[in-house]
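K.L.:
So you can see what is in the structure, the chains are spelled out below.
There are 2 protein chains.
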Amino acid sequence: MAIVGIDIGGMSIKLGIVSIEGKILEKINFKVDYKKLSSDQVIEMIKDHILMLLDKSKFSKNDLEGIGIGCPGAINAPKGVVDYANNLGWVKVPLVAKLKEYFNVPIYISNDANVAALGEAIYGSGKQYNNSVMITLGTGVGGGIVIDHRLFEGNEGKGAELGHMVIEVDGKECSCGRRGCFEAYSSATALIESTKKAMIENQTSQMWQEVAGNLDKVDGKLAFEYYKKGDLVAKEVIDNYIHYLGEGLLNICNIFRPEAILLGGGISAQKDCLLNLLEPYLEERFYGYRQSPKVALKIATLGNDAGIIGAAALVLQNAIVK
Amino acid sequence: MAIVGIDIGGMSIKLGIVSIEGKILEKINFKVDYKKLSSDQVIEMIKDHILMLLDKSKFSKNDLEGIGIGCPGAINAPKGVVDYANNLGWVKVPLVAKLKEYFNVPIYISNDANVAALGEAIYGSGKQYNNSVMITLGTGVGGGIVIDHRLFEGNEGKGAELGHMVIEVDGKECSCGRRGCFEAYSSATALIESTKKAMIENQTSQMWQEVAGNLDKVDGKLAFEYYKKGDLVAKEVIDNYIHYLGEGLLNICNIFRPEAILLGGGISAQKDCLLNLLEPYLEERFYGYRQSPKVALKIATLGNDAGIIGAAALVLQNAIVK
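Note that the protein sequences, when read in sequence, are chains P and B.
Per the numbering used here, residue 1 is the first one in the first sequence, and the count goes up by one each step.
Per the numbering used here, residue 1 is the first one in the second sequence, and the count goes up by one each step.
It is worth saying that the hints were derived from the structure and are not from the lab.
Don't take each hint at face value.
[As the list claims (entries may be wrong)] Under the rule of at most 25 Å between Cα atoms (straight-line distance), these lysine-lysine pairs were calculated in the PhoX-like manner: (1) LYS172(B) - LYS221(B); (2) LYS92(B) - LYS294(P); (3) LYS127(B) - LYS79(P); (4) LYS294(B) - LYS79(P); (5) LYS294(P) - LYS79(B).
Turn these sequences into a full structure, and let the hints steer you where they fit.
P.N.:
Shown next, in the form of structure tokens:
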């Protein structure tokens with residue numbers, strides 16, 4: 001039996017054969033220049049690489065039992081269509097139907113944040129829980145909701161846009177067009193922005209010296225590093241970041257009361273430093289509401305493999321119900 | 001077959017025999033003075049009234065197939081315990097276990113907002129949808145989430161506290177202890193407060209004249225009434241109310257992408273006036289996110305019966321899965 005998980009990214013596409021224990025048995029990836037290639041050409045390449053992957057793992061096409069796909073953008077999961085993926089330049093691409101022309105097996109697709117959440121929930125940091133919510137703190141803020149070990153995706157697979165929950169009405173502009181979204185305060189992008197702002201206002205700070213005033217060198221780690229060193233400017237940046245992130249997570253606690261929140265994305269690389277700041281924040285506020293159970297906070301463990309593993313889990317999830 | 005739905009309120013308790021089509025066949029209610037009675041005494045009264053109700057409907061105790069209960073406060077649904085209900089003065093009351101001493105049938109309990117949402121979703125304004133979220137705009141803001149015709153309650157039944165989603169970090173104080181909750185802006189209580197504030201600031205307004213300066217007469221309807229009459233002070237109050245309520249509802253769209261949001265509670269009595277203000281607000285903002293399906297907005301239809309009917313639906317929901 002071979003289940004293939006596919007993680008479509010803005011620069012490259014990763015594919016893997018995944019065991020039902022969630023181990024990647026073999027993987028392969030290829031770079032894609034979406035500006036030069038049509039979606040049909042990219043799908044042709046995906047097909048070729050699935051065959052290559054099967055071959056590399058000594059499977060035949062007949063061994064293939066299912067394909068799962070995680071893709072950025074607005075995905076119509078039930079219809080298998082990529083409605084709109086800005087990074088790929090794709091609009092209304094019927095990805096599942098096109099792949100079905102080559103492979104007569106069940107094929108499932110979902111938004112990449114959802115897929116990563118399912119992977120983490122079933123095989124990663126959430127595997128001991130029935131219900132978990134994953135929050136990915138990267139360029140944006142992604143969300144994925146797993147209820148009773150299954151993905152909750154909402155109508156047309158368009159729910160779980162947890163990064164686009166407004167936490168400050170009329171607040172900071174968000175890329176989505178609304179103002180004050182969770183993402184506008186809690187993404188790595190937002191942290192970098194506020195780090196730069198604090199540095200400009202405090203040009204004698206250690207952070208300013210570190211990059212010799214070159215703000216292009218500021219990343220999502222800098223403020224955390226100098227916070228650990230006791231720098232007061234960095235402390236203010238991080239305290240403010242944790243305040244907004246904490247309020248967003250308390251909202252997730254109150255809305256879903258999951259057993260666990262799984263933190264992924266670039267900021268989650270701060271691991272214990274991040275948890276040591278967030279846990280007391282949530283604890284002091286009764287995890288959102290008095291008389292309510294604690295919500296475990298976990299750092300995602302699957303890293304870059306979450307996409308492939310989660311995509312394969314999509315196949316297994318659907319195999320179980322049918 | 002007789003299924004009893006019980007709606008526990010802060011002043012009285014309502015009980016009904018509900019058909020599987022969601023019709024109340026017979027109902028009964030009694031006043032309760034929680035300050036004078038122990039929880040055991042109230043439970044004894046509930047038992048007596050269940051027997052009276054059965055008798056009144058010509059059922060015997062053997063016809064009873066199940067009991068469902070909606071109760072305000074923090075309810076541990078899986079354990080059947082009222083953890084904390086401020087209005088009733090109850091702490092850790094094992095209501096289900098106590099009733100089981102009298103009735104050897106399945107007994108289920110949930111938070112009153114959840115129960116009303118289930119009733120509306122299955123038998124009321126949401127019956128044509130698989131997935132809906134109910135928002136109750138009353139003294140507070142209650143929430144209930146129905147996924148695939150079943151209540152989603154979260155760990156220990158403590159999820160779906162949608163009124164306690166912060167929409168303005170560091171905003172208005174909320175009764176829950178946090179600041180800036182949806183409830184602090186969108187409850188009838190919040191509307192009354194902001195109506196009073198606007199009237200004090202504009203003592204020549206028509207609303208001020210209406211109550212002859214007696215602010216105790218201000219209710220959740222006043223600003224809506226004068227908004228309809230074209231009063232500018234009322235318009236500002238209502239526009240601001242719709243802005244915050246709209247942002248909260250857009251959050252619900254993005255988080256759950258339900259097929260419908262069902263609006264209940266006192267404010268929902270504004271019906272078309274409320275919908276005519278909210279629908280364009282959501283529509284202009286793409287129901288929260290571009291390329292996402294519209295979310296239907298519906299006014300709840302079960303009114304005061306939602307509690308009894310929803311409580312009975314709890315029994316049916318659980319009968320289906322077992």
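K.L.:
Next step is simple, just say for each hint if it's right about the structure.
P.N.:
Taking the hints in turn, this is what the structure says about them:
Restraint check: the Cα-Cα separation between LYS172(B) and LYS221(B) comes to about 22 Å, which is no more than 25 Å; the hinted pair holds. Taking the CA atoms of LYS92(B) and LYS294(P), the gap is about 18 Å. The hint holds against a cut of 25 Å. For the proposed pair LYS127(B) and LYS79(P), the alpha carbon gap of about 24 Å is at most 25 Å, so the pair holds. Between LYS294(B) and LYS79(P) the alpha-carbon distance is near 17 Å, which keeps this suggested pair within the 25 Å criterion.
Taking the CA atoms of LYS294(P) and LYS79(B), the gap is near 17 Å; set against the 25 Å cutoff, the hint holds.
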